[in-house]
Amino acid sequence: MELPRVGSLGEYIRQQRQQAKISLRQLAAQAGVSNPYLSQVERGLRKPSAEILNQIAKGLQISAQALYVQAGLIEDRQQDNDVLAAIRADVSLTGRQRQVLVDIYESFRKENRVASAQPPQSAEPLGDDPVPSRDGITPEVKEG
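Position 85 of the sequence shown, counting from 1, maps to 106 under our numbering, and the rest follow consecutively.
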């Protein structure tokens with residue numbers, strides 16, 4: 022999942038906050054940090070801890086992983102997934118909308134992994150046809 026590259030973590034947080042139409046004050050309150058501290062993070066003067074990044078991600082309603090990758094705390098391990106990259110790169114969606122799409126997509130993938138792990142079902146349709154006896158001859162149905 023390749024995230025859109027911006028100059029810094031702070032710029033990325035500001036961009037996400039503006040897309041979500043949240044003020045600096047609102048995000049600071051939701052993340053449980055002070056206004057000046059969040060402003061310094063956005064300007065690149067402070068580097069937040071992983072815990073603070075989690076709180077900011079919750080406030081922005083985005084994946085904490087996206088912030089970790091942007092901060093350089095973890096590597097982007099899902100580079101092969103173009104769908105997730107496209108969802109996360111779409112700046113016309115809000116952070117919340119992107120997260121909902123990612124959650125739905127991942128739930129479908131999980132459902133398909135579970136389904137593919139189960140033994141295949143018989144391809145024969147179930148119906149009201151008479152069942153053949155052991156000798157292969159279908160018993161006659163007596164109408165009465």
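Do not take every clue at face value.
Each computed SDA-like pair below joins lysine to any residue, with the alpha-carbon atoms no more than 25 angstroms apart [unchecked claim]:
| hint | residue 1 | residue 2 |
| --- | --- | --- |
| 1 | K131 | L66 |
| 2 | K79 | Q40 |
| 3 | K79 | R134 |
| 4 | K79 | Q139 |
| 5 | K131 | A92 |
| 6 | K131 | R117 |
| 7 | K79 | V104 |
| 8 | K68 | A110 |
| 9 | K79 | S60 |
| 10 | K79 | I95 |
| 11 | K79 | N133 |
| 12 | K79 | V121 |
| 13 | K79 | A92 |
| 14 | K131 | D103 |
| 15 | K68 | V104 |
| 16 | K42 | K131 |
| 17 | K68 | N102 |
| 18 | K42 | Y58 |
| 19 | K68 | E32 |
| 20 | K79 | V135 |
| 21 | K68 | L45 |
| 22 | K42 | N102 |
| 23 | K79 | L45 |
| 24 | K131 | L114 |
| 25 | K42 | I125 |
| 26 | K68 | N56 |
| 27 | K79 | A138 |
| 28 | K68 | D103 |
| 29 | K42 | L66 |
| 30 | K79 | A136 |
| 31 | K68 | G53 |
| 32 | K79 | L66 |
Calculated from the structure, these hints are not laboratory results.
How the hints compare with the structure:
In summary, the hint linking K131 to L66 is not supported, as the alpha carbons are separated by about 40 angstroms, beyond the 25 angstroms threshold. Note on K79 and Q40: the hinted pairing holds, with a Cα-Cα distance of about 15 angstroms set against a maximum of 25 angstroms. Of the supplied pair hints, the one linking K79 and R134 is violated, its CA atoms being roughly 28 angstroms apart against a limit of 25 angstroms. Our distance criterion of 25 angstroms between C-alpha atoms is broken by K79 and Q139, whose separation comes to about 36 angstroms.
Straight-line distance between C-alpha atoms of K131 and A92 comes to about 28 angstroms, which puts the hinted pair past the 25 angstroms bound. For the given pair, K131 sits about 21 angstroms from R117 by alpha-carbon distance, which is consistent with the 25 angstroms threshold. Taking the CA atoms of K79 and V104, the gap is about 22 angstroms. The hint holds against a cut of 25 angstroms. Of the pairs offered as hints, the one joining K68 and A110 holds, with about 23 angstroms between alpha carbons and a cut-off of 25 angstroms not exceeded.
The hinted pair formed by K79 and S60 meets the criterion: a straight-line CA distance of about 17 angstroms does not exceed 25 angstroms. Proximity of K79 to I95 is assessed by CA-CA distance (about 18 angstroms); at most 25 angstroms being required, the pair is judged to hold. Our distance criterion of 25 angstroms between C-alpha atoms is broken by K79 and N133, whose separation comes to about 28 angstroms. Using a Cα cut-off of 25 angstroms, the hinted pair K79 and V121 holds, with the two alpha carbons roughly 13 angstroms apart.
Distance restraint check for K79 and A92: the Cα-Cα separation of roughly 16 angstroms lies within the 25 angstroms cut-off, and the hinted pair is therefore satisfied. At roughly 17 angstroms between alpha-carbon atoms, K131 and D103 fall within 25 angstroms of each other, so this suggested pair holds. Restraint check: the Cα-Cα separation between K68 and V104 comes to about 30 angstroms, which exceeds 25 angstroms; the hinted pair is violated. Among the hinted pairs, K42 with K131 is inconsistent with the structure: their alpha-carbon atoms are about 32 angstroms apart, more than 25 angstroms.
With a C-alpha separation of about 29 angstroms, the suggested pairing of K68 with N102 is violated against the 25 angstroms cut-off. Of the supplied pair hints, the one linking K42 and Y58 holds, its CA atoms being roughly 19 angstroms apart against a limit of 25 angstroms. For the suggested pair K68 and E32, the alpha carbons sit about 12 angstroms apart, so the restraint of at most 25 angstroms is met. For the given pair, K79 sits about 29 angstroms from V135 by alpha-carbon distance, which is inconsistent with the 25 angstroms threshold.
Note on K68 and L45: the hinted pairing holds, with a Cα-Cα distance of about 17 angstroms set against a maximum of 25 angstroms. Our distance criterion of 25 angstroms between C-alpha atoms is broken by K42 and N102, whose separation comes to about 28 angstroms. With a C-alpha separation of about 14 angstroms, the suggested pair K79 and L45 falls inside the 25 angstroms cut-off, and the hint holds. Restraint check for K131 and L114: satisfied, since their Cα atoms lie roughly 24 angstroms apart, inside the 25 angstroms limit.
Among the hinted pairs, K42 with I125 is consistent with the structure: their alpha-carbon atoms are about 23 angstroms apart, no more than 25 angstroms. Taking the CA atoms of K68 and N56, the gap is near 15 angstroms; set against the 25 angstroms cutoff, the hint holds. Taken as a hint, the K79 and A138 pair is broken in the structure, with Cα atoms around 33 angstroms apart against an allowance of 25 angstroms. Taking the CA atoms of K68 and D103, the gap is about 29 angstroms. The hint is violated against a cut of 25 angstroms.
For the given pair, K42 sits about 23 angstroms from L66 by alpha-carbon distance, which is consistent with the 25 angstroms threshold. For the suggested pair K79 and A136, the alpha carbons sit about 32 angstroms apart, so the restraint of at most 25 angstroms is broken. Only pairs whose Cα atoms come within 25 angstroms are accepted, and K68 paired with G53 is accepted, the gap being roughly 16 angstroms. Distance hint between K79 and L66 is fulfilled; the C-alpha atoms sit about 22 angstroms from each other, no more than 25 angstroms.
Checked against the numbered hints above, the structure breaks hints 1, 3, 4, 5, 11, 15, 16, 17, 20, 22, 27, 28 and 30 and satisfies the rest.
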